[in-house]
Amino acid sequence: MQEALRLISPGAEPVRADFVEQARRLRHGSDGASRGLALTIRGLRKSFGDNEVLRGIDLHIPAGQFVAIVGRSGCGKSTLLRLIAGLETITAGTIGFSEETRPEDVRVMFQEPRLLPWARVLSNVEVGLGHERHLPDAQARAESALVEVGLDEKRGQWPAVLSGGQKQRVALARALVSQPRVLAFDEPLGALDALTRISMQRLLERVWHDQGFTAILVTHDVSEAVALADRVLVIEEGGIAHDIEVDIPRPRRRGSAQLAALEGSILKNLLQGTEDTSDL
Amino acid sequence: MSLIDSLPRVGAPKLPRVDGLIPWIVPLTIILIWQVACVTGFVSARVLPAPSDVALAGWKLLLSGELARNIWVSFWRASVGFLIGGSIGFSFGLANGLSQTSSKLTDTTLQMVRNIPHLALIPLVILWFGIDESAKLFLVALGVFFPIYLNTLHGIRTVDPQLIEMGRIYGMSDGELFRRVIFPGALPSIFVGLRFALGIMWLTLIVAETIAASSGLGYMAMQAREFMLIDVVVLSILIYALLGKLADSASRALERLTLSWHPAFQKH
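Quick note, the sequences are listed as chains R and X, same order.
Numbering-wise (the numbering used here), the first sequence opens with residue -11 and increments by one.
Numbering-wise (the numbering used here), the second sequence opens with residue 257 and increments by one.
Hints are computed from structural coordinates only; laboratory data are not their basis.
Here a beta-carbon is modelled for each residue, glycine too, at the ideal position from N, C-alpha and C.
Do not rely on the hints blindly, as some may be mistaken.
Claimed, not checked - Partial list, computed: chain X residues near chain R (C-beta under 7 angstroms):
no., residue
1, 418
2, 419
3, 422
4, 517
5, 519
In isolation and in its complexed conformation, chain X is listed as follows (with noise of 0.2 angstroms):
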């Protein structure tokens, strides 16, 4: 009778395939509103290209190469970035949130730094290694540590107690508690860390690729603005929301695998 009666009936037999297709709809709608309107020309070439336009630009610069190695270099960053800020702060998560001793020596310190916003420290970086690839590195990884080390030491402190009593009881060494309780334990809490750093990655890396990069997706499009081509500018824009999208998915992904028995990814 109502929509929200016939849902399950109508999907229950055929919903994987419609289902991977729905979140589509609205980004494919707005493309081809998009296009429509610069066609018609209700919004200018100046102000906006038209879809096409740009997937030609795309297509230019994929030809020549010079679309690949932005990318590459980009994704070289930000990856090499997140690798070294994240095994950082998972460190400093574990061992304070394991340690009392280490807890008190260091939390202090790193939460009066986690109040400074990183990205006010690229005058200083600047300074310090000029538009060289260390530069992004550290950025990349400073922003990157906070919401890691943060979710990781969240995620050990709020271990049910009465399962780490229980392991005890039942002769767990340090290592067996850590490995079979703890660290699964706190492993829903770490992919929200994850998630957060996703993000925060690729927002450090465009700023910093805008300001200080002769080379990359944030370069490509600081160099297209001075030659008046916006058709790249916007690419660079939409390829950054994929590349976000991407990693997104691939955490997801990894979550799905390693939570299975989380009843918020059980399917059955």
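This is chain R alone, in the form it adopts within the complex (with noise of 0.2 angstroms):
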């Protein structure tokens, strides 16, 4: 909660911005490319027996990018991010990323923390490595992601000592352990109350500026993804409606007009036609 209230203080944003800007350049490095993988979606079809899911979803995201994908619920976002990440097999069409991957390139974050209640903090963390956790330098990559998220003295802690946003981020370092190129986030602070919310939008924000993967965030929540995405895709009935560059400097500070007006807009597309938005 205190680091809630420290990150959205008025007074932390000069340090911040000076943080981001380091760690912009440490991620583009000399030649100026991103450790992210493009990823490139042609013709992706998407049934379950005889509902169609996702018809036809073509789609290219450049390299470090942070899309957000927006929709209402059953639209298939949730399905398109299940089959970027390798959860489901395609109906039709390709998924294709730039370069080949290994697993442990493509990782999820879901909603739920998914630990393992029977581990310490520090091996669930290690689980992330995926085949590379029986090498001997596994202990101290896991220390420090779990550094990476705040949470190092955390780390010989049984999971259910932990509160629901302490879960949430070593289930978010256990995603970044194996340094994936691209991070999927499925609804992942939708079960969080509001602060931590907040805190963990900014941790989210850090680590994809300090790692430099390609971000896809889920979500419902319109105003998280104008806060935090390049890019908002709209899903409508298993297609892209909207797709919407966010063309906001970061830091972005939270409530700011421009926000709250492409947040509107936003918010205006999802609802037409199936409600009156007279009032909008």
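Please assemble the complex out of the two chains, which come individually in their own frames, going by the hints.
Structure below.
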């Protein structure tokens, strides 16, 4: 809670701006290229039985971009994410990455932390190393991932004693520890309270800047989408209805007029046709 | 002010020592009342001998070596029968929990057999094995099999599928998935089965030894009945209670050791 307050207090802003700028330089290296993978999706379809959830998605995501996917429940946004993460089989079409991927290159974070209750925090993070968890440096890597999410002092705890936000941070450390090049978030903050959410959003933005992966965030929260993403995709009835660039410099100020205006127009798009929107 | 209010403050620093004694207050009080009732002649010694007489009978049997021998025989039967029945039940539980084919093949049969009270098989078992050791082992193993089987199966089937998906995403092999996700997830349920099985183990053994045996605690009690040695009968019953409590404590200790992650076993 304290951390949340510190992060949203205006006094912290200049320090953060510095930090973000430094991270940006680190991330892009000398040649300016991101560590992330670019993603190309062509004619993607997915059916469950007779129910066609995705009806032909064409999409290119440049390396290192932060993309948010919003839409009503049941529009297929989670299915799209699960297909990208390889958790479902494709009915038709292709999903291509710009380079050959190892399984450790694509990671998913879910709404539930999905930690092993019978493993201490540190071993839960080690799970994220996948096939590399038997290497001698596994523990050191897990520890530095915990430092990254600010939970190194909890390394020896059982997950049961952590708060919801802390569990989600452990899950984030587990997703980060293999240094993925694509990180897919399926409503990762959906179950958190408002202050913890804001603190987690800052954390997500920071690690994204830090590590330079391509981020794909599925969320039902449009304000979260415009606050974090470079680009917002609106999915409707299994297709991409809108593709909106969020051209607002970072760090973004929560509640600024620019963000609010963008959020309003996206919400309007989402509600159009299905409800009376005269009061928006 | 009230009792409830005063509990945490009073208990906080010295609790462990006092806490360990609390469960024994009731049994000790009962023994005390029992002793007083017998000494004052309120209860006839032919109905119920005094605890001191029971202790004396125990001491005599201990000196003659008879007590130790009978306890050992019963203990051996209980544990060997338990190991046989438990390991078969555990294996079937694992197989049917993990494999659809195995479950389809054997689960219906096992559920049918489960509905036969295993003690109803005693006449048949005596015809098959006589009053041999194998008769007792067979009955104990059969009794122990079902709670272990059912709870292992239930434990494996109810492991959180989201955790299994997580394990697969993070590249766990089948073996690792079993060792790190499925087995630890099923363990609380397996322990429930274990404690049920321990209860059934003693029950079965007592009945079997009382009906068909030439050694063991149950046999000792039946012999004593023949000679109207009521103190020995009561002694055997008390020893069964102690052995049952011992087995339960052992399984609880094992549970605390292996389930220290579980919120129910965390002290702070």
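We went through each hint and held it up to the structure:
1. 418: 5 angstroms, holds
2. 419: 6 angstroms, holds
3. 422: With a closest approach of 4 angstroms, the residue 422 (chain X) hint holds.
4. 517: 4 angstroms, holds
5. 519: 5 angstroms, holds
The structure agrees with every numbered hint stated previously.
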